[in-house]
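Student: Go ahead and model the full structure; you've got the sequences and the hints to work with.
Keeping their order, the protein sequence lines are chains S and H. Per this note's numbering, residue 1 is the first one in the first sequence, and the count goes up by one each step. Per this note's numbering, residue 1 is the first one in the second sequence, and the count goes up by one each step.
Think of the hints as simulated: they come from the structure by calculation, not from any bench. Any given hint could be a false lead.
No farther apart than 20 Å at their CA atoms in a straight line, the calculated lysine to aspartate or glutamate pairs in the EDC-like style are these [said to hold, decoys possible]: (1) H:Lys28 with S:Glu7; (2) H:Lys117 with H:Glu48; (3) H:Lys195 with S:Glu120.
Since the model is a prediction, treat every value here as computed from it, not as a measurement.
What follows is each chain in one-letter form.
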Amino acid sequence: MQKDLEEKFLLDFEQNQNIAHKICRLYTTNQSAHNDLFQEITIQLWKNYPKFRGDSKFSTWMYRVALNTAISLYRKSTRTVKTQDISDFAYKIKATDYDDTEEIQLKALYKAIHKLNDIEKALIFLYLEDKPYKEISETLGISSVNARVKMNRAKEKLKNILNP
Amino acid sequence: MDLLDNYKKAWENQPEHADKVSSIEIYKLAQSKSSSIVKWIFIIGILEFIFLNSIYFFVDMEDAMIEYKNLGLENFILYSQIATYIILFYFLWMFYQNYKKISTIESTKTLMTKILKTRKTVRNYVIFNLGYITLFMIVITIAKVNTNLNDFNNKQLLILIIVTIIATLLFLGVVWLFYQLLYGILLRKLNRNYKELAKLDNAK
Chain S
1 MQKDLEEKFL
11 LDFEQNQNIA
21 HKICRLYTTN
31 QSAHNDLFQE
41 ITIQLWKNYP
51 KFRGDSKFST
61 WMYRVALNTA
71 ISLYRKSTRT
81 VKTQDISDFA
91 YKIKATDYDD
101 TEEIQLKALY
111 KAIHKLNDIE
121 KALIFLYLED
131 KPYKEISETL
141 GISSVNARVK
151 MNRAKEKLKN
161 ILNP
Chain H
1 MDLLDNYKKA
11 WENQPEHADK
21 VSSIEIYKLA
31 QSKSSSIVKW
41 IFIIGILEFI
51 FLNSIYFFVD
61 MEDAMIEYKN
71 LGLENFILYS
81 QIATYIILFY
91 FLWMFYQNYK
101 KISTIESTKT
111 LMTKILKTRK
121 TVRNYVIFNL
131 GYITLFMIVI
141 TIAKVNTNLN
151 DFNNKQLLIL
161 IIVTIIATLL
171 FLGVVWLFYQ
181 LLYGILLRKL
191 NRNYKELAKL
201 DNAK
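Tutor: As structure tokens, then:
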């Protein structure tokens with residue numbers, strides 16, 4: 001990669017890294033797996049950045065590459081699933097101006113999403129991130145109608161887990 | 001208000017990840033080695049090509065050739081070897097082409113399809129090789145029976161044929177089982193997700 005492109009990538013990624021962290025937290029259940037997946041996402045983004053034309057936002061492009069890495073390329077997570085609970089390790093949360101109920105809700109939400117399959121996770125994640133159906137269907141490679149149908153099912157499933 | 005709306009609000013207000021990485025760390029991470037499933041498929045695929053083609057080095061080819069000549073099979077060996085090399089290069093080329101097309105900037109479904117297609121190229125090559133080995137065993141057995149027809153009585157002939165069949169089947173079975181296990185483990189998650197995505201796209 002050219003020097004200026006490298007610098008642009010580092011800047012773009014540093015600003016948007018939270019997307020990758022959220023995906024790692026959804027698809028892994030412990031810190032070392034989180035770091036592994038984060039590393040693989042970084043490698044994939046770096047490798048493909050020269051092909052990023054900038055006709056969409058960097059973040060939109062990043063959602064796709066990062067989710068693809070989590071769903072299709074990353075393998076280690078299957079071994080660590082169910083061995084450790086999300087609350088077993090510390091996700092430091094800033095105490096200032098942070099509502100306690102939302103913190104509890106957030107933890108419950110992550111815990112519930114962990115019970116979904118990889119595709120449902122992606123659907124729910126994109127819903128939580130307020131992505132339009134067009135973008136969701138393009139990211140996953142399915143029709144808009146099917147994205148909608150499956151989204152409703154995933155939401156129902158999530159609701160049942162959250163509020164049995 | 002919908003139950004999920006509350007949670008969505010909590011999601012939107014979630015703080016940034018505590019251990020943010022700096023651009024220097026990002027740079028270092030980007031230079032590290034990928035351990036992705038695609039890379040493993042590539043490595044294992046190449047190893048399979050090497051393994052299947054190195055079996056010949058463990059056989060004393062000169063001795064084998066004399067034996068083939070005695071059986072009158074030198075033409076079969078020569079032409080079938082040429083054919084297998086042409087086919088090997090075809091498969092290697094297809095494998096590399098399919099591998100190169102894999103890209104994480106595609107949609108999830110396209111990406112999965114391409115990964116599975118690359119793997120199938122290697123699988124087809126293995127099937128081809130197993131087929132070739134079977135054909136080879138059959139031809140050798142028939143030739144042996146034909147040349148030594150007078151030395152054997154019927155019982156010995158029958159035993160020879162049965163032993164050959166069992167040995168071939170056993171060999172094929174072991175290779176196939178090993179193969180299923182290897183890719184079964186490697187691609188379990190991918191296959192499951194692909195099925196999930198395919199199911200979802202078919203369900204109207």
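Student: All hints, please: hold or fail.
Tutor: Hint check results:
1. For a cut-off of 20 Å, the pair hint linking Lys28 of chain H to Glu7 of chain S stands: about 13 Å separates their Cα positions.
2. For the hint linking Lys117 of chain H to Glu48 of chain H, the alpha-carbon distance of about 16 Å falls within 20 Å, and the restraint holds.
3. For a cut-off of 20 Å, the pair hint linking Lys195 of chain H to Glu120 of chain S stands: about 13 Å separates their Cα positions.
Hint violations for this structure: none, all hints satisfied.
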